[in-house]
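S.K.: Chains A and B supply the protein sequences, listed in that same order. Mapping to the numbering used here: the first sequence position 108 is 414, numbers consecutive. Mapping to the numbering used here: the second sequence position 515 is 1541, numbers consecutive.
The hints are simulated quantities; they were obtained by calculation from the structure and are not laboratory data. Even for Gly, the Cβ is constructed at its ideal location relative to N, Cα and C. Any given hint might turn out to be false.
Computed footprint of chain A on chain B; a stretch qualifies when at least three of its residues, placed anywhere within it, have a C-beta under 8 Å from a C-beta of chain A [claimed, not checked]:
#1 1216 to 1229
#2 1368 to 1379
#3 1472 to 1478
#4 1512 to 1519
#5 1599 to 1613
Partner residues aside, some chain B positions facing chain A, computed with beta carbon under 7 Å [stated by the list, open to error]:
#6 Tyr-1415
#7 Val-1418
#8 Val-1419
#9 Arg-1625
Residue strings, one per chain:
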Amino acid sequence: MTPRRKRMFAVAAILAGVGAAALLARLAFEENLLFFFSPTQILAGEAPADRKFRVGGLVSPGSLQRAPGSLEVRFVVTDNQHSIPVRYAGLLPDLFSEGKGVVAHGRLDGQGGFIAEEVLAKHDENYMPPEVAESLKARDQPGGAG
Amino acid sequence: MIPELGHFALVLALLLALAQALLGLGGAARSHAGWMQAGRMAVAGQFLFVLLAFLALAQAFVASDFSVAYVAGNSNSQLPLFYRISAVWGGHEGSLLLWALCLAGWSLAVAIFSGSLEETFRSRVLGVLGLVSIGFLLFMLTTSNPFERLMPAAADGRDLNPLLQDVALALHPPLLYLGYVGFAVAFAFACAALLAGRLDAAWAKWTRPWTLAAWLCLTLGITLGSWWAYYELGWGGWWFWDPVENASLMPWLAGTALIHSLAVTEKRGLFLSWTLLLAVTAFSLSLLGTFLVRSGVLVSVHAFATDPARGLFILGFLTTVIGGALTLYAWRAPRMKSAAGFELTSRESFLLFNNALLVVALALILLGTLYPLFLDALELGKISVGPPYFEVVFLVPMLPLLLLVGIGMHAGWKRGQLATAGRRLLWLAAVALAAAIVLVAAIWGGIRPLATLGLALGLWVMASALLVPLDRLRARARLPAALVGMSLAHFGLGLTTFGITGVESFRIERDIALAPGESAELAGYEFRLVGLRSGVRGPNYVATEAEVAVSSAGRPVATLRPQKRVYHSGGNPMTEAGIDAGVARDLFAALGEDLGGNRWSLRLQYKPLIRGIWLGALLMALGGAIAAFDRRYRRAATVAPR
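Assemble the whole structure, with the sequences as input and the hints as a guide.
M.R.: In structure tokens form, the structure reads like this:
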């Protein structure tokens, strides 16, 4: 091969590689972006009915219910303005407690509730998950006293 | 008094770093032997004073001096001594001090162990390291002083986060930082070469052992972190694609690409400017990782904007380092042309593919990590990029990479003679594939294409790696350390692949409610909850402990003792998993909570081959260590630089 053809070949290979990588990223992105909604947004109908997403807020104090001896739990997630009941079967994370921030991953059940597949409390004891803190702040600010 | 001395030592260290940078770079520019020598003395001085500052902080922790704000925030009078020492780097300020200490240590090592380097070149390397050091010490002194006093002193400390009270995690940050900062040495070598305006095979020979050393520290650090997450976070995952983890994986990928590209530069004098760019990239990503983890930008882009001092400093530092290095690169790199050619089946080609695939994986992970931050900063909504994204964009480049690794190890330099090795490799690949199919069918039943492919690739890389030294031995040829290290590291890569595929394809997890005496079945094992004991005392916690007896076909296999710990310093209870580790599989039990009605929730897991992940990573690091001590790097002294 002449140096010129070699160079053309190299450029073509790089373009093909970058193209393939971009395509891959796009496909993976479309499937796997996780959107976050607050209870207020969900009640306003902003959340998708047929896709999984994350809901976050505070665990409403006194809302945690469990049938004795069963893994099924129910609790209410609130952003201090609206709230949504959540059902979950499984172990709750160490940092889960009433009055604290929580993020649940799952989907709507079509009857105004949320079925969680995963409950996250990835924050430490001192701060809330960032999405939760902000959605709470957003609710509190406009009306002054939230 | 001692904390003030520590603070003062940091100020002195900053001044010495300044002297190191000025004397090093200035002395090299003017070829002034006296300045260059003084610059080397400044390196030793800087290390001494950073070490003194570090010891002063450690002393405050050991003595539980809660008048120091950082100690009060990260320690507690009941904390065992070992964790009081590891708490020195348990928070932000102390981590930075450790960073600075690692950097000063690497600089000193370069000053001592590089007598073979040309005087002006070494002086430039130390000067650039001095510049990096100035940035970090200034950052610490202006925004994150670990010695700040608390008025009035706290009666007791807030305690080290219980999650961090663990041996693996005590060692994880030092290794990680040694890795991060070690890339500063490769970076400084690259900058020195650019400043000098020339670069040759000898340069690569000098840079390689340092890069290998940094890379192996980073490998160990990441491995420890993953192992810790597995048994301490309580849920049995070993990698979460969390931004904090990605922050350490990205420099590792860049560093892996760099050590391979350095091989080509050393052996064939090729890929010169690419190697330089990778050296700059690896260190830039280390800084980016530090920025992501330390600025609070991950907690919230807006929290970062409201308390900007720290974040802005690192961002400015990052911009200066990357911008400066890239400017230097753009100015000088075009001079560095390499003319030699190579053929498609030569080892150069395979290493080129290796680099291309690693960089693609790296770029896509970077995209997934930063994209949510950009979107959030631009107020375009809140999203997170889920683990499936990272799994896809990592897996797709890694599959061809693993396939090519097995071939590339046997390709010759310049013109590949794959025809001779080719037939054997084909056989090897066929055997690996057959073994994987049999393994999947025999042990787990059924046909699982992706799992079979993963296991086959793991076996293929391991077998192909073993073939390298075996061939040498059979031909009674010399077996240099670099070759042994290379073979071992690739064997480790295969083992890690094998482990990842095994655990990700065949793990079984189950959340279940059990009363004492009841049992559950999982993967052919019977897990019986024997009973619970409360009030099990540790040094600074009280735990409730479950006893879970595991048996297989009526024969006892293991007894797991998962705990729920409550630390005296307060806070939520912490889960401590009970694990029975084995070569073929781990059995894992985590204790949930009291469900009422005498039942407790438990998470039971069966994790086949998971040990392979960490064992393989350890072999990679060991391979790196053996290669770094190859005799030819020590003989470099006799290679007179032009």
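S.K.: Which of the listed hints are broken here?
M.R.: Hint check: 1, 2, 3 and 4 fail, others pass.
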